[in-house]
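Between the sequences and the hints, there should be enough to build the whole structure, so can you do that?
One letter stands for each residue in the lines below.
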Amino acid sequence: MAFRENPLGELKVPLTWTAAVAVIVAAVVAIALLATDRRGTIQAEAYGATRKAADAVAAPVGGVLSGPVRWVGAGVDSVRGYFFAISENRRLKAELKEAHEWRDAALALRNTNERYRILLGLKTDPPIPMISARIVTDTRGPFANTRLANVGKEMGVKPGYPVMSENGLVGRVIGVTTGASRVLLLTDISSRTPVMIDRTNARAILTGDGGPNPKLEYMRGQNPVQPGDRVVTSGDGGVLPRGLPVGVAAKGLDGRWRVILASDSAPVDFVRILEFEDFSQLVNQQELDKMPVPPPSTHAAATIGVTAAPAAGARPAAPTVGTPAPGTPTVKPPATAGAATPAASGTPVPAVPRPASPAAKAAVPAPAPKAASVPASKAAPVPAAKAAPAPKAAIKPAPASAPKPASVPASKAAPAPAAKAAAAPAPKAAAKPAPKSPAPKPAAKSEPHPASKARPPEKLEEPPL
Amino acid sequence: MSNAAGSLAPWQWIGVPMLFCLIWTILFAIPLRVFGLQLPEPVFAMWPVFAWAMIRPSILAPMAVLVLGLFLDIFWGGPLGLWALSLLAAYGAVLGARTMMIGQSAPVLWIWYAAVTGLALGMGALITIIRTQAVPSPYILLWQFVATILLYPFSQRLIDRFEDADVRFR
Numbered sequence: 001m002a003f004r005e006n007p008l009g010e011l012k013v014p015l016t017w018t019a020a021v022a023v024i025v026a027a028v029v030a031i032a033l034l035a036t037d038r039r040g041t042i043q044a045e046a047y048g049a050t051r052k053a054a055d056a057v058a059a060p061v062g063g064v065l066s067g068p069v070r071w072v073g074a075g076v077d078s079v080r081g082y083f084f085a086i087s088e089n090r091r092l093k094a095e096l097k098e099a100h101e102w103r104d105a106a107l108a109l110r111n112t113n114e115r116y117r118i119l120l121g122l123k124t125d126p127p128i129p130m131i132s133a134r135i136v137t138d139t140r141g142p143f144a145n146t147r148l149a150n151v152g153k154e155m156g157v158k159p160g161y162p163v164m165s166e167n168g169l170v171g172r173v174i175g176v177t178t179g180a181s182r183v184l185l186l187t188d189i190s191s192r193t194p195v196m197i198d199r200t201n202a203r204a205i206l207t208g209d210g211g212p213n214p215k216l217e218y219m220r221g222q223n224p225v226q227p228g229d230r231v232v233t234s235g236d237g238g239v240l241p242r243g244l245p246v247g248v249a250a251k252g253l254d255g256r257w258r259v260i261l262a263s264d265s266a267p268v269d270f271v272r273i274l275e276f277e278d279f280s281q282l283v284n285q286q287e288l289d290k291m292p293v294p295p296p297s298t299h300a301a302a303t304i305g306v307t308a309a310p311a312a313g314a315r316p317a318a319p320t321v322g323t324p325a326p327g328t329p330t331v332k333p334p335a336t337a338g339a340a341t342p343a344a345s346g347t348p349v350p351a352v353p354r355p356a357s358p359a360a361k362a363a364v365p366a367p368a369p370k371a372a373s374v375p376a377s378k379a380a381p382v383p384a385a386k387a388a389p390a391p392k393a394a395i396k397p398a399p400a401s402a403p404k405p406a407s408v409p410a411s412k413a414a415p416a417p418a419a420k421a422a423a424a425p426a427p428k429a430a431a432k433p434a435p436k437s438p439a440p441k442p443a444a445k446s447e448p449h450p451a452s453k454a455r456p457p458e459k460l461e462e463p464p465l
Numbered sequence: 001m002s003n004a005a006g007s008l009a010p011w012q013w014i015g016v017p018m019l020f021c022l023i024w025t026i027l028f029a030i031p032l033r034v035f036g037l038q039l040p041e042p043v044f045a046m047w048p049v050f051a052w053a054m055i056r057p058s059i060l061a062p063m064a065v066l067v068l069g070l071f072l073d074i075f076w077g078g079p080l081g082l083w084a085l086s087l088l089a090a091y092g093a094v095l096g097a098r099t100m101m102i103g104q105s106a107p108v109l110w111i112w113y114a115a116v117t118g119l120a121l122g123m124g125a126l127i128t129i130i131r132t133q134a135v136p137s138p139y140i141l142l143w144q145f146v147a148t149i150l151l152y153p154f155s156q157r158l159i160d161r162f163e164d165a166d167v168r169f170r
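Heads up: the protein sequence lines correspond to chains A and B, in order. Heads up, the first sequence is in this note's numbering, so the first residue is 1 and it goes up one at a time. Heads up, the second sequence is in this note's numbering, so the first residue is 1 and it goes up one at a time.
Don't read these hints as lab results, they were simulated from the structure. Don't take each hint at face value.
Stated by the list, open to error - Selected chain A positions facing chain B (in silico; Cβ < 8 Å):
#  : residue
1  : LEU15
2  : VAL23
3  : ALA26
4  : LEU33
5  : LEU34
6  : ALA54
7  : GLY63
8  : ASP138
9  : PRO142
10 : THR178
11 : ARG182
12 : ASN201
13 : ILE205
14 : THR207
15 : ASN223
16 : PRO267
What the hints assert, rightly or not - Among the chain A residues that face chain B by a calculated CB cut under 8 Å, a handful are:
#  : residue
17 : THR16
18 : ASP37
19 : ALA56
20 : ALA58
21 : VAL64
22 : PHE143
23 : THR146
24 : ILE189
25 : ASP209
Don't be surprised by glycine CBs; every beta carbon is placed ideally from N, CA and C.
Rendered as structure tokens:
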């Protein structure tokens with residue numbers, strides 16, 4: 001049968017169209033995979049099972065293939081060391097001499113730093129344990145810069161762990177499987193690392209672009225960086241620990257600030273994976289979500305911060321639990337202690353005698369006598385220094401004219417120590433309203449002290465000295 | 001004449017080149033430095049992609065391109081589907097312009113190969129820009145482009161070997 005008579009000879013056009021359809025189908029599959037890919041996140045589940053399986057296979061294969069390379073490299077180093085021993089000895093001696101000076105300076109600084117930390121009560125970072133690993137494959141393209149390390153979850157490696165060489169930061173772990181970990185390099189185009197300039201503390205984001213020198217972006221301030229400035233991790237965001245060496249700042253050919261990575265100064269064959277739990281992993285999100293929210297106050301609209309807004313009439317607005325009236329020291333119940341005022345904390349601040357500012361003394365919210373709940377004209381005020389906290393009365397909302405009892409004239413208030421004032425039991429007379437008994441002398445004055453009359457409740461926040 | 005189509009066994013013109021691609025890609029991923037310089041990272045999958053589209057239209061070839069692309073994405077640790085889509089774009093472009101390219105000399109085909117490689121890398125850069133809102137380094141793109149177009153002789157060899165295997169598509 002001749003070729004032209006063969007019906008299969010006419011399949012040229014249909015097969016081309018079929019191939020085109022196959023291309024479209026394959027492209028749809030690729031687009032779907034691309035749309036669902038979440039590479040670069042530190043979530044463990046984002047690193048799919050396919051990638052884990054492929055890494056588990058690729059790591060031993062890469063380890064075997066890179067073995068001869070390492071042996072050859074070690075051999076070359078040996079030969080080089082033999083032939084250049086004298087010059088290297090000179091160089092090492094010079095380095096050692098310089099290192100001694102740095103060691104002395106470092107010891108002195110460490111001593112000073114420890115003293116400062118103790119004095120300031122700083123919470124220092126605990127030492128971070130490390131896992132040693134070997135790099136078995138290396139990707140250097142414009143769209144992906146990753147490396148495969150030969151340790152995995154059997155050694156406790158988790159996504160998000162920082163990876164360092166002996167010279168500086170290399171990247172962070174983005175995927176873990178048995179026997180292998182995928183490390184996203186700082187140079188990867190999806191890598192974003194919070195860093196700071198060591199000299200100026202200026203913050204920046206180290207942004208990879210696939211090239212060997214990632215960019216410094218989002219820098220603030222005037223001249224925050226100069227060529228040669230040391231760049232370290234800032235620890236912002238809690239993803240990386242603070243102070244890991246990253247590299248040295250340099251101006252790129254495109255005019256942007258870039259970083260010459262410290263880890264690039266030598267081949268990255270062995271690395272250390274820092275077992276650093278980032279902040280987002282340490283924090284208990286469920287517990288944070290359970291934080292009680294204070295109930296909305298009925299007079300919430302009339303408050304500005306902690307200060308009650310003046311009412312329309314001449315009298316000030318009746319204080320509520322959330323809105324203390326001016327000069328009315330109230331202790332809020334702990335259940336509604338959402339507001340960040342000292343009174344709201346449930347531990348009233350005792351009166352502190354301060355001759356220079358007597359007004360502040362009477363305004364301290366510690367003494368909240370029951371008399372606060374009666375009209376001011378009938379209240380039996382107690383000297384501030386002897387008044388004990390009376391939460392019972394304080395829970396009740398005080399009337400609008402209640403500030404008077406607490407506002408003892410400054411000249412008659414006994415300057416008692418703070419501890420005594422806080423611990424002293426409330427006198428009976430003070431706890432009970434005494435409408436008909438003659439009031440003590442300070443109470444006889446129905447008018448409060450001018451200094452305390454218009455005292456804003458912000459004074460309540462004065463901390464004890 | 002049935003042996004004309006039968007002589008072009010898929011494992012010969014698709015399977016073997018694909019295997020070579022995988023091996024060379026793995027070999028070039030070894031962390032090797034020579035005098036402080038790293039090895040280039042050419043896209044080894046480009047030469048079979050170009051040759052497959054030139055040899056004949058096929059249903060298997062696009063699927064092989066998809067598998068190759070997914071392998072590159074997984075092995076290189078890139079976004080899954082990036083290289084698959086880029087290589088498929090290159091394959092589709094060659095398939096569409098096949099009638100124009102067929103029968104031309106090797107240097108001209110090399111130029112076509114370079115253009116298709118540029119298309120694939122441009123597609124990858126576009127996807128990366130959309131995904132990460134960042135532009136890949138043009139120097140690294142150029143470096144990979146140069147390293148990849150140097151692989152054209154492999155593609156030419158594959159075309160020469162199988163171009164006449166199926167006379168229906170000459």
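Checklist entry - Quick check: which numbered hints come out false for this structure? => result 7, 10, 12, 13, 15, 19 and 21
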